[in-house]
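There are 2 protein chains.
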Amino acid sequence: MSKKRIVVIGGTAAGPKAAARAKRLDQTAEVTLLQKAPELSMASCGYPYYVSGEVRDRAMLLATPVGVVRDPAFFAGAKGVAALVGTEVTAIDRAARTVAWKRAATGETGHLPYDKLILATGSMPKVPPIPGRELAGVTTLSSLADADGLRAVAAAAKGGQAVIVGGGLIGMETCEALVTAGMAVTVVEALPHILSFLDPELALLVEKHARAKGATIVTGVGISEILGAAGKVTGVRLADGRELPCSLVVMAIGVSPNVALAKAAGLTLGATGGIAVNAHMTTSDPDIYAAGDCVEVLNRLTGKPMLAPYGDLANLEGRVAGENAVLGDKATFPGTIGSGICKVFDFAAASTGLSERRAREAGFEVVTAINAGPDIPGFMGAKPVVSKIVVEAGTGRILGFACVGAGNVNRQAAEMAMAILGGLTVDDVAMADLPYAPPYSLAIDHAIGTAHIVQNKMRGLMQGQSCVAVKGRLDAGETPFLLDVRGPKEFEEMRLGLGETLVPLGQLRKRLGEMPADKNAPIVAYCKVSMRGYEAESILEAAGYTNVTVMEGGLAAWPFALEK
Amino acid sequence: MSKKRIVVIGGTAAGPKAAARAKRLDQTAEVTLLQKAPELSMASCGYPYYVSGEVRDRAMLLATPVGVVRDPAFFAGAKGVAALVGTEVTAIDRAARTVAWKRAATGETGHLPYDKLILATGSMPKVPPIPGRELAGVTTLSSLADADGLRAVAAAAKGGQAVIVGGGLIGMETCEALVTAGMAVTVVEALPHILSFLDPELALLVEKHARAKGATIVTGVGISEILGAAGKVTGVRLADGRELPCSLVVMAIGVSPNVALAKAAGLTLGATGGIAVNAHMTTSDPDIYAAGDCVEVLNRLTGKPMLAPYGDLANLEGRVAGENAVLGDKATFPGTIGSGICKVFDFAAASTGLSERRAREAGFEVVTAINAGPDIPGFMGAKPVVSKIVVEAGTGRILGFACVGAGNVNRQAAEMAMAILGGLTVDDVAMADLPYAPPYSLAIDHAIGTAHIVQNKMRGLMQGQSCVAVKGRLDAGETPFLLDVRGPKEFEEMRLGLGETLVPLGQLRKRLGEMPADKNAPIVAYCKVSMRGYEAESILEAAGYTNVTVMEGGLAAWPFALEK
Numbered sequence: 001m002s003k004k005r006i007v008v009i010g011g012t013a014a015g016p017k018a019a020a021r022a023k024r025l026d027q028t029a030e031v032t033l034l035q036k037a038p039e040l041s042m043a044s045c046g047y048p049y050y051v052s053g054e055v056r057d058r059a060m061l062l063a064t065p066v067g068v069v070r071d072p073a074f075f076a077g078a079k080g081v082a083a084l085v086g087t088e089v090t091a092i093d094r095a096a097r098t099v100a101w102k103r104a105a106t107g108e109t110g111h112l113p114y115d116k117l118i119l120a121t122g123s124m125p126k127v128p129p130i131p132g133r134e135l136a137g138v139t140t141l142s143s144l145a146d147a148d149g150l151r152a153v154a155a156a157a158k159g160g161q162a163v164i165v166g167g168g169l170i171g172m173e174t175c176e177a178l179v180t181a182g183m184a185v186t187v188v189e190a191l192p193h194i195l196s197f198l199d200p201e202l203a204l205l206v207e208k209h210a211r212a213k214g215a216t217i218v219t220g221v222g223i224s225e226i227l228g229a230a231g232k233v234t235g236v237r238l239a240d241g242r243e244l245p246c247s248l249v250v251m252a253i254g255v256s257p258n259v260a261l262a263k264a265a266g267l268t269l270g271a272t273g274g275i276a277v278n279a280h281m282t283t284s285d286p287d288i289y290a291a292g293d294c295v296e297v298l299n300r301l302t303g304k305p306m307l308a309p310y311g312d313l314a315n316l317e318g319r320v321a322g323e324n325a326v327l328g329d330k331a332t333f334p335g336t337i338g339s340g341i342c343k344v345f346d347f348a349a350a351s352t353g354l355s356e357r358r359a360r361e362a363g364f365e366v367v368t369a370i371n372a373g374p375d376i377p378g379f380m381g382a383k384p385v386v387s388k389i390v391v392e393a394g395t396g397r398i399l400g401f402a403c404v405g406a407g408n409v410n411r412q413a414a415e416m417a418m419a420i421l422g423g424l425t426v427d428d429v430a431m432a433d434l435p436y437a438p439p440y441s442l443a444i445d446h447a448i449g450t451a452h453i454v455q456n457k458m459r460g461l462m463q464g465q466s467c468v469a470v471k472g473r474l475d476a477g478e479t480p481f482l483l484d485v486r487g488p489k490e491f492e493e494m495r496l497g498l499g500e501t502l503v504p505l506g507q508l509r510k511r512l513g514e515m516p517a518d519k520n521a522p523i524v525a526y527c528k529v530s531m532r533g534y535e536a537e538s539i540l541e542a543a544g545y546t547n548v549t550v551m552e553g554g555l556a557a558w559p560f561a562l563e564k
Numbered sequence: 001m002s003k004k005r006i007v008v009i010g011g012t013a014a015g016p017k018a019a020a021r022a023k024r025l026d027q028t029a030e031v032t033l034l035q036k037a038p039e040l041s042m043a044s045c046g047y048p049y050y051v052s053g054e055v056r057d058r059a060m061l062l063a064t065p066v067g068v069v070r071d072p073a074f075f076a077g078a079k080g081v082a083a084l085v086g087t088e089v090t091a092i093d094r095a096a097r098t099v100a101w102k103r104a105a106t107g108e109t110g111h112l113p114y115d116k117l118i119l120a121t122g123s124m125p126k127v128p129p130i131p132g133r134e135l136a137g138v139t140t141l142s143s144l145a146d147a148d149g150l151r152a153v154a155a156a157a158k159g160g161q162a163v164i165v166g167g168g169l170i171g172m173e174t175c176e177a178l179v180t181a182g183m184a185v186t187v188v189e190a191l192p193h194i195l196s197f198l199d200p201e202l203a204l205l206v207e208k209h210a211r212a213k214g215a216t217i218v219t220g221v222g223i224s225e226i227l228g229a230a231g232k233v234t235g236v237r238l239a240d241g242r243e244l245p246c247s248l249v250v251m252a253i254g255v256s257p258n259v260a261l262a263k264a265a266g267l268t269l270g271a272t273g274g275i276a277v278n279a280h281m282t283t284s285d286p287d288i289y290a291a292g293d294c295v296e297v298l299n300r301l302t303g304k305p306m307l308a309p310y311g312d313l314a315n316l317e318g319r320v321a322g323e324n325a326v327l328g329d330k331a332t333f334p335g336t337i338g339s340g341i342c343k344v345f346d347f348a349a350a351s352t353g354l355s356e357r358r359a360r361e362a363g364f365e366v367v368t369a370i371n372a373g374p375d376i377p378g379f380m381g382a383k384p385v386v387s388k389i390v391v392e393a394g395t396g397r398i399l400g401f402a403c404v405g406a407g408n409v410n411r412q413a414a415e416m417a418m419a420i421l422g423g424l425t426v427d428d429v430a431m432a433d434l435p436y437a438p439p440y441s442l443a444i445d446h447a448i449g450t451a452h453i454v455q456n457k458m459r460g461l462m463q464g465q466s467c468v469a470v471k472g473r474l475d476a477g478e479t480p481f482l483l484d485v486r487g488p489k490e491f492e493e494m495r496l497g498l499g500e501t502l503v504p505l506g507q508l509r510k511r512l513g514e515m516p517a518d519k520n521a522p523i524v525a526y527c528k529v530s531m532r533g534y535e536a537e538s539i540l541e542a543a544g545y546t547n548v549t550v551m552e553g554g555l556a557a558w559p560f561a562l563e564k
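Chains U and R are the protein sequences, given in the same order.
Its first residue numbered 1, the first sequence is counted upward by one per residue in full-length UniProt numbering.
Its first residue numbered 1, the second sequence is counted upward by one per residue in full-length UniProt numbering.
Keep in mind the hints are simulated off the structure, nothing from the lab.
Treat the hints with care, since some could be wrong.
[What the hints assert, rightly or not] No farther apart than 30 Å at their CA atoms in a straight line, the calculated lysine-lysine pairs in the BS3-like style are these:
#1 R:Lys232 / R:Lys158
#2 R:Lys263 / R:Lys126
#3 U:Lys213 / R:Lys383
#4 R:Lys3 / U:Lys519
#5 R:Lys457 / R:Lys519
#6 U:Lys383 / R:Lys263
#7 U:Lys3 / R:Lys519
#8 R:Lys383 / R:Lys564
Build out the structure end to end from the sequences listed, making use of the hints.
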């Protein structure tokens, strides 16, 4: 058998994984990795922490867990892979089965034959055609060179002002990094709220937190122009005319799959613009695989292709592509459910599966619930989390779960991702047997509690509305009877201040006379997290009230200003 | 409709949950809770942290998240439940549908009629008939009174010596509490290792950690006598004759279901000794439910009943019992998979599903793998975790997963519990889409990596053995070629010192001449975590070696002493 020649284009995540996997499974194969950038296997998701200075040593972004930098010598020795850096592939000749390459530093060019080719060309930051985008001081956070530049700017610009265009994952991580580095940061998001993978109920809580940490968040308006003088950024102008002075603009409105080579080679692209692949990560050419940010993958919940440019999926896709390139198309990548998490100051914000908005867009009829509460018992030093669950009406199948807060969002999101992957229903999660001890979770785990709430709603045992929905009713001029059922001390410390009536839950059975005379009058009951609000609904309904709603998550989930 | 009378016996976890749920779902019901102890809704899983002083305020163990103590007034006002404390039920008259009660403080007695009765009588600590068990200074950690006593002893006995009999969950939590409180602690476990829910590979790592934290762990030998003078404990004698001086003995060899009332009333008990219930938590009497530590429940993996005395399950079972008591037998508790976690100093130790031992005992043919590594990327401040996965041969279904270490065991165990509940296979988990960002997980999540390893083993791509198995071979006189493929600096810092040969992975392809001349000679390859060990196997097999084994988890999973 002649040696199989495997060529991999791209050296960040999917590429190195594919190359290493291919070589491990076929030590006779000649595996060559071509990388345009000077570095290999960069931990690009770590760039924000490098910009902030939290990651002190640049080499750590490039090193194995024991500190060996993943350079060409490492790839040759440890992985048996020939890695060529600073080497751009300029064309693919599918008929000849060769790629043409060029080394920018030397001008050298050449061709490399392949039996199987793996494209891992990644993505590029979107930069819309805004006037001024060419000014010095306008950057993205896409490459390690970008990160080096931003780190230097941030370190030098103590007290300076930065504008981040886009309040997605990278935008918010960069926001934290620059605030941590001492800059005054404004995030400008054209959509109604940041972190579009979240529904507004949770996204607005993250915004509130980011503001409390000193960031300025501007939503619902885009950038019309980047202003400058002498070739340098001096500010941005928003679509509504406002001007924000700044010396640094970070464009973080998302990424596009880097498909130029694939397109030029005539490979099929999908409707999303990513390279079309099947479950084996095979492109329209059976000798060419693709993996990572450059492809579109199946959303397992909607059944439709989507772009999912995440480092974890890139690794899994690369593993499949690498294996199939040497062993034939047997391994499969089943697709994504859209799991993500990001750190925004002291909050984590995570989502897995579909948000309510995306579920409805995909045609699902859904029931949702919001739950706020501690992550672990109070006596162990609890921190709050707020979650939202999205459930398919009828089947009870969990379609989505999101969670934000200072508490242990990570466990909640990871376990619910597995629940969604397992096709679990609300009833399944409501009775799930999860590891419990006070340092690690509540006796009734937060996500299980969330399932209990939506289960109660689905069975008609609880009528609930989110804080955002209640605020919407108030803003629309409705005047429900707002019933706060907390204790007087709690009321003194924090309250809506919107004309609510305080009747502590423990006294409610005896003070029904203070409720509206009209038993059909709308009542909105709540407490700190609305567990007592739910008890109140139960008591009021037993007393004949017909229009009682619980404000889900209570004051802990109220994303707007409070009286105090 | 006449008001339904619901009587609940037991006020710790399952009882209060059942009572509150019943009342919420039927506000017309008269719900009465009878509790022998003076307190209600005690967070008993928090006792160790109260003993150590970490939980400063006793009331926090009894309070709601907003600090309201759950006393009878709270239950009456907030929950609409009449809770009678200090009130022991002495008998159940099933024909008359009444319970007889007695108040120890006053000698008062009485009867209470019920339409539906819920037993939540909990468990009692096992105290074997060891001579000396009646001495002052011998205690358990079962009640809040026990916790009060232990806390006082620990606070007073700075420098004193304590022996804990039993190295299970409570034993090890108590060990940490007493060491933290300043005592010299010896844990005596009659079984070969502590934490019997773990297989030895992981349990021995926890022992190693506990020893490093100052605890003495004695395994494989029981206690034959508790020694005393003047009615007070002075030491314990082990079955092998050794004597350990101490002023405090904590018996923590487990709990038995408290079934005296149920047995006297003629209710059916299961083979395990717990009250037999169906999925509706109904006992052999359709008007009597039972929930919590006193019942036996279905193990969903073995299909057999088991005792599962855990606070989280008690709550879920109580919720089902309470609902069914008022709405009829519709709600179901699906059973347990045996999920648990505990903190042992800076380690967490968790298990979900079956250990290898329990899976084999249940008749499963299994494949296992051990994985050691960081919980998050090194540049974010990783901490190590070690896990073991147990997979059903043939189907690939995950039967069990355990994880220990200083890193984020909690997320790993919770997500894998959900994977087991969802019936996921190794292939499913190997391609799972979990939330990833550097502060929260690896790009290839640790549990996904563990699935990759066992998948490689099942496909014959990797031959692996645990450190315990390798040690067993060495102890049995085998002399495999031990191949350490780390770097020289790593080798200087830490090594087995058992005659191993160091050939860094990156040089292995060129230094095959240093391998045994006999291509069939047994070789054991490893590194720090054995990722490089696996690469080495692949290289050596390609070079014709036929008997290469990877020592799974590498030195990070080696639970025995190292040369350095």
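(message) When the structure is checked against the list of hints, which entries are broken? Sort them ascending.
(response) 6
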